[in-house]
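Engineer: Sequence:
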Amino acid sequence: MSWHFNNEQLISQAQIVLSLGKSAADIITDFVPVPGLSASVGLLCMIMKLTENVIVNKHQARQLRDRCHTLLQAAKDAINNVKDTNMANAFQKIEETLSNIQKNMDKWAQLRRVDAFLRQKEIKDNIQRHHSEISDCFHLFEVVSQVEIYNYLEEFESNAARDQKEMMTLLSNIHESQTLIRESQSSIDNKLENTNVKLEQIMALMQTCLSETKHNADQIHNGLAVSLYNLQQHTKLLLPKLNLESGEVLILTRFPISSTSTMDIYEGLYLNQEKVTIKMMRAVNSNEKSKARFMREVRVWNEVWTKDKGKHVLPFYGFCQLGVPYPFMISPWQEHGTALEYVKQYDLTVDYQRMIMHISRGVQVLHEMKIVHGNIKASNIMISPSFEPLLADFGLSKIVEDLNGIPFTQSQGVADSYRWFAPEVCTGEGILSTSSDIYALGMTIIELFTHQRPFSNIKNLTHVIIQCQQGQLPERPSAPEVLQRGLDDHTWALLKDSWKIAAVDRPKIDEVISRLNSV
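Number 60 in numbering that gives the first Met the number 0 belongs to position 61 of the sequence shown; there are no gaps in the numbering.
Don't read these hints as lab results, they were simulated from the structure. Be aware that one or more of the hints could be misleading.
[Said to hold, decoys possible] Derived BS3-like pairs: lysine-lysine, alpha-carbon spacing no greater than 25 Å straight-line: (1) K75 with K92; (2) K499 with K369; (3) K164 with K120.
Please model the complete structure; the sequences and the hints are all you need to start from.
Structural biologist: Right, here's the structure in full:
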């Protein structure tokens with residue numbers, strides 16, 4: 000390997016950069032008496048310049064630069080103590096080592112910011128490897144000591160910690176997140192899916208940084224949360240880690256703002272930016288089993304979000320069970336409340352047929368993905384900011400069933416849902432299916448038309464269950480206001496079919512939508 004450098008060129012390349020307090024000019028002057036090191040000196044000067052362009056691992060890179068300089072100084076000092084043949088071999092080894100470092104430093108210096116962040120762990124590992132190679136070179140002169148090794152390792156860990164903190168500071172800066180977005184969009188390979196993959200990896204890195212700072216309500220932690228939220232809004236992706244135990248969510252209310260038979264509902268703040276609903280499930284204890292079950296459910300939440308983007312189905316932002324007796328799920332806050340609350344408040348302006356169609360399309364989204372909702376009723380349908388109904392809490396019944404080891408219908412606190420349950424759900428194993436969803440959808444439709452729960456004329460729940468088992472249907476409403484809302488003969492016929500006692504006789508969701516379309 001042969002290197003030829005013009006001294007003036009090297010000096011101009013690194014004229015304001017120092018290594019161990021010396022400029023390129025000083026270094027070149029120092030090593031003039033050692034011609035065998037001229038190529039390595041040239042490499043060191045190039046490394047000095049490149050080091051200043053490393054974005055994320057800058058302190059580690061500077062330490063590596065200085066240790067290259069120390070190695071050359073050790074070689075110079077040992078020149079009179081080593082045989083010529085061995086010295087030539089040593090100089091060759093040093094040149095090869097610095098050449099490898101220079102090539103890698105050149106790659107790191109040219110990285111785009113987004114790639115520099117994503118590869119910071121890889122770069123750290125490579126720098127450690129280069130330090131080991133330098134130590135091998137020191138051994139050639141028998142000048143390395145355990146003290147030197149300990150000192151460089153201690154300094155390396157200190158520099159790595161400094162780089163980590165500076166990286167978190169950068170990522171917590173709102174302008175930095177905007178720069179990362181622009182840079183990803185302007186890349187040569189700028190397909191949306193490729194851009195989002197890079198940004199999703201940055202989001203995962205930010206979540207890791209959040210975890211490291213979660214016990215410090217400081218500017219870095221708060222800035223990371225805001226930057227992460229901005230990236231999420233841009234990519235339209237859920238967070239990479241849906242087990243939100245890194246301080247992504249803050250519970251704002253000491254006591255529940257409302258409760259159902261199975262959960263307590265709190266108000267929360269998501270990534271310091273968005274008001275969210277926190278639903279704590281009293282039917283399930285927080286433990287490793289529940290954590291593992293929720294982690295399996297994360298895949299389903301992501302798939303539903305990818306397919307629907309929150310158009311028909313209220314998304315889950317994630318779950319957490321850290322420091323609480325019961326696990327809780329996080330969903331976007333819906334200011335307009337539940338579907339039942341909404342129709343009662345805005346009765347005269349509600350387009351009931353449109354609302355029912357929108358709800359049915361939400362059921363279709365789930366059923367096409369082989370997902371059973373399990374507990375469809377108006378109180379589990381939220382109204383979006385654009386006044387559209389969103390199916391909420393899909394799949395929670397199955398989670399409760401799996402974790403408790405008993406049918407969902409036998410779980411504590413679900414008796415309130417029996418008025419919507421199909422006959423087969425109320426007996427035996429209590430099987431939840433897409434057919435039982437259709438039955439519950441029919442009950443929800445009549446609930447919305449009447450503003451009353453199904454079988455509202457029967458107070459005793461046991462009598463309701465007996466009627467269902469016998470195939471008795473809810474009485475057809477005849478009040479003028481119900482008819483005015485749209486409960487006509489065609490819709491009533493569809494509801495009766497959805498309540499057939501045999502699950503196989505009920506229409507599929509595609510047929511329900513087709514028949515609603517023909518109204």
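Engineer: Which numbered hints does this structure break?
Structural biologist: Nothing - there is no hint that the structure violates, so all of them hold.
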